[in-house]
Amino acid sequence: GSTLVVVEHEGGVIKPPSLSALAAATCLPDPDSSVSVLLAGSGSSLHQAASHAASCHPSISKVLVADSDKLKNPLAEPWAKLVHLVQQSGGYSHIIAAANSFGKNVMPRVAALLDVSPITDVTGISDSNTFVRPIYAGNALCTVRYTGANPCILTIRSTSFPVPQKSVDSKSNEASISQVDLSTFDEDLSKSRYISQTSQDNERPDLGNARVVVTGGRALKSAENFKLIEEIAKRLGGAVGATRAAVDAGFVPNDLQVGQTGKIVAPELYMAFGVSGAIQHLAGMRDSKVIVAVNNDADAPIFQIADYGLVGDLFEVIPKLLEKLPEKK
Amino acid sequence: MKIMVAIKRVVDYAVKIRVKPDKTGVVTQNVKMSMNPFCEIALEEALRIREAGLASEVVAVSMGSSHSVDTLRTGLAMGADRGIHVEYSASLYPLSVAKILRKLIEIEKPGLLILGKQAIDDDCNQTGQMIAGLLNWPQATFASKVVLDKEKQVATVDREVDDGIETVCLNLPAVITTDLRLNQPRYATLPNIMKAKSKPIKKFTPEELNVEIKSDLEIVQVTEPPKRKAGVIVSSVDELFDKLKHEANVI
Chain A
888 GSTLVVVEHE GGVIKPPSLS ALAAATCLPD PDSSVSVLLA GSGSSLHQAA
938 SHAASCHPSI SKVLVADSDK LKNPLAEPWA KLVHLVQQSG GYSHIIAAAN
988 SFGKNVMPRV AALLDVSPIT DVTGISDSNT FVRPIYAGNA LCTVRYTGAN
1038 PCILTIRSTS FPVPQKSVDS KSNEASISQV DLSTFDEDLS KSRYISQTSQ
1088 DNERPDLGNA RVVVTGGRAL KSAENFKLIE EIAKRLGGAV GATRAAVDAG
1138 FVPNDLQVGQ TGKIVAPELY MAFGVSGAIQ HLAGMRDSKV IVAVNNDADA
1188 PIFQIADYGL VGDLFEVIPK LLEKLPEKK
Chain B
55 MKIMVAIKRV VDYAVKIRVK PDKTGVVTQN VKMSMNPFCE IALEEALRIR
105 EAGLASEVVA VSMGSSHSVD TLRTGLAMGA DRGIHVEYSA SLYPLSVAKI
155 LRKLIEIEKP GLLILGKQAI DDDCNQTGQM IAGLLNWPQA TFASKVVLDK
205 EKQVATVDRE VDDGIETVCL NLPAVITTDL RLNQPRYATL PNIMKAKSKP
255 IKKFTPEELN VEIKSDLEIV QVTEPPKRKA GVIVSSVDEL FDKLKHEANV
305 I
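Protein sequences, first through last, are from chains A and B. All residue numbers for the first sequence refer to our numbering, where the first residue is 888 and numbers rise by one. All residue numbers for the second sequence refer to our numbering, where the first residue is 55 and numbers rise by one.
Check the hints yourself; a few may be wrong.
No more than 30 Å apart at the CA atoms, straight line, and that leaves these computed lysine-lysine pairs for DSSO-like [to be verified]: (1) A:K1108 <-> B:K257; (2) B:K199 <-> A:K1108; (3) B:K163 <-> B:K299; (4) B:K163 <-> A:K1078; (5) B:K283 <-> A:K1176; (6) B:K206 <-> A:K1078; (7) A:K1121 <-> B:K299; (8) A:K1207 <-> B:K297; (9) B:K199 <-> A:K1078; (10) A:K1207 <-> B:K283; (11) B:K299 <-> A:K1176; (12) B:K283 <-> A:K1211; (13) B:K157 <-> A:K1078; (14) B:K299 <-> A:K1078; (15) B:K86 <-> B:K253; (16) A:K1211 <-> B:K251; (17) B:K163 <-> B:K268; (18) A:K959 <-> B:K56; (19) A:K1176 <-> B:K297; (20) B:K281 <-> A:K1176; (21) B:K70 <-> A:K1176; (22) A:K1108 <-> A:K1207; (23) B:K86 <-> B:K249; (24) A:K1207 <-> B:K70; (25) A:K1114 <-> A:K959; (26) A:K1121 <-> B:K297; (27) A:K1114 <-> B:K199; (28) B:K56 <-> B:K163; (29) B:K204 <-> A:K1078.
Quick list of the computed label-pair ranges, beta carbon to beta carbon [unchecked claim]: (30) B:S145 <-> A:S921: 33 to 41 Å; (31) A:S938 <-> B:A302: 38 to 46 Å; (32) B:T82 <-> A:G899: 43 to 51 Å; (33) B:R136 <-> A:T1085: 32 to 40 Å; (34) A:T1085 <-> B:D66: 44 to 52 Å; (35) A:S938 <-> B:E111: 51 to 59 Å.
Worth flagging that the hints you see were computed from the coordinates, not collected in a lab. Glycine residues also receive a C-beta, built at the ideal position from the N, C-alpha and C atoms.
With the hints as extra help, turn the sequences into a complete structure.
Laid out in C-alpha cells, this is it:
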C-alpha cells in the first residue's frame, strides 16, 4: 500500500499535529508501504516547508507540492478538491491527516467525494485496516475495521502518535519534491470566501504540544483571577488551559478549552485548579501522564482520575504554590 | 427560504456510559435518550433565523428506529414547523446519512442545512462536511456565530478553530455545523409540547428515497478505556510540591 499524508505548514515548517500524522503513517504495518506528503499554499514558506517535509522522516519517499493562491487559506472546498485530484492520480491505499480543526473540516468532505467512510480521531492502529478510536467522549473505545474500497481515510489524534526525535542520518534519505499538476484544478472559489482569522497572541507554548498544562475552571471566578493560572504555567514553562465553563464565563478565549470538543491534551503534567471534572472535560485530558487536582469539593469527580489531589481553597493554595516555584528568568 | 435541520437521538449526555459485557457496544436499553446537544443548538439557530424573518420554514429531519419520532416531536415542540423521519433500524454511518440527506434536500430544496458538529455517541464529526461535499455546497463547520444576509444570499460564519476564530462567507445554499457557543437552546414549553403533537411528520424509508445503504465499516469490539490507578490525596502544598518534585519527577 501507499499512504498520502495531508499536512499543514506555517513559517516554513510542518506543523506539529501534521508531524504526528506522519508518525501515524509510519505505524501502518505494511512492509512495502511508501509515504507521500501533500502540502499546499503559495510563496517561499511553502517551498521551505516542502524541504522540511522531505527530510523530516526517513520513510517519506515523495513530497507533493500544490502551489496555488486558491490553497493559501485552509478552506475545505478547494482543499477537498485538491486531495481528490491527488488521489485520482496517486491511487493511495490510505490518506491520513491530523484530527485537528483543519483535518476534521477537510477529510470527511474528501471522503464524500471519493464515496468512502472516513474514520475520525484514531488513537491506535491494530493493522492496516483496523483502528481504535474513542467514542462517547472517551468513555468507551471502539475498534473499527475498514472494509471498503481504497482509500481508507483517517484523521489521527496527535497526542496518541508522538513525533519521534529526528534521526541523525535523516538528511541522507531525503525525499523527492515534485509539483502537483494543477491544470485540471478548476475549483471555483466564489462559493466560499475566507475573510479573516483572529488568534490570541500567546507567549505560552502551544496547548496541544506543551509538556505541562495548567488549567483553571469556573471556580477562578474572573478573568483577573485567571492570571494566577497563567503565572503557574509561566513558572513551569507550561501552557494554559480552561474548562468549558471558564470559557463560557468569558475568563479566557475559546481556543484554550480542553475537552471533548476543545483541545485534546496529554502532557507529562496536567494541573487542574477548580476543575470539577465533567465527562466532556475528562475526555480532553485523561491520557495525561501525571494529573494534579486542586478543588475545595472533596467529592469532585476530577479526584477519581488525579494522581495527586489536594482538597482546599484555590486562593490559598495557589499563592503558596507560587512561593515554592522559582520565577523563570 | 426554508431551513433544514438534521437531528439525532443519542444517549443523554448525563448518563454514565456502560460497555456491554460481550463488547458489542454500550448499554442503551432502559437508558435515557435525548436529542444530541449539538443538534439542539442547530435547531435553535434555525428557529432564531426564522424568528428574525430571514427564513419561512424550519424542517427537522431525523433518521433511525421508530423511537427517533420522539426526538422529532421534541424538535417540533421547540418550534420546528414539520418533521421528516427516515426509518431504518440498523446502524447508519455518516456516509449513508449524508446520502439520505442529499435526497431529502433534492425534494425539499432548503437554502440552508444546519447540523450539530458531532453526535456525542459516536463523536464522528463528519456528516455536515460529507453532505456539503456530495452536494458541492460550501460549508462552515464549528460555527460560533452566523449572520445571514437575505439580500445578498450569503452567510457570514465565525468558526471555532484550533488557534482562535476564523470567519468565512458562504453563498447560499450552504451547510453549517454548530459548535457549543453558537447559542443557548430553548426549552420546549408545555403548550408547545401539546401543539407539537399535531404537527406533521412525513415518513420515508431509504428504499423509497432510492438510497442504497452500503457499509464499509465494521465494529470489531467496544471496550472500556484503561482505568487510571488510584491516586493519593495530599494534605498540604508542601507535600504536593515534594511529591511532584521527588516522586513524579515532573517539576
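Could you work out which of the previously given hints the structure breaks and list their numbers from low to high? Per hint list: 1, 3, 14, 16, 18, 24, 25, 34 violated.
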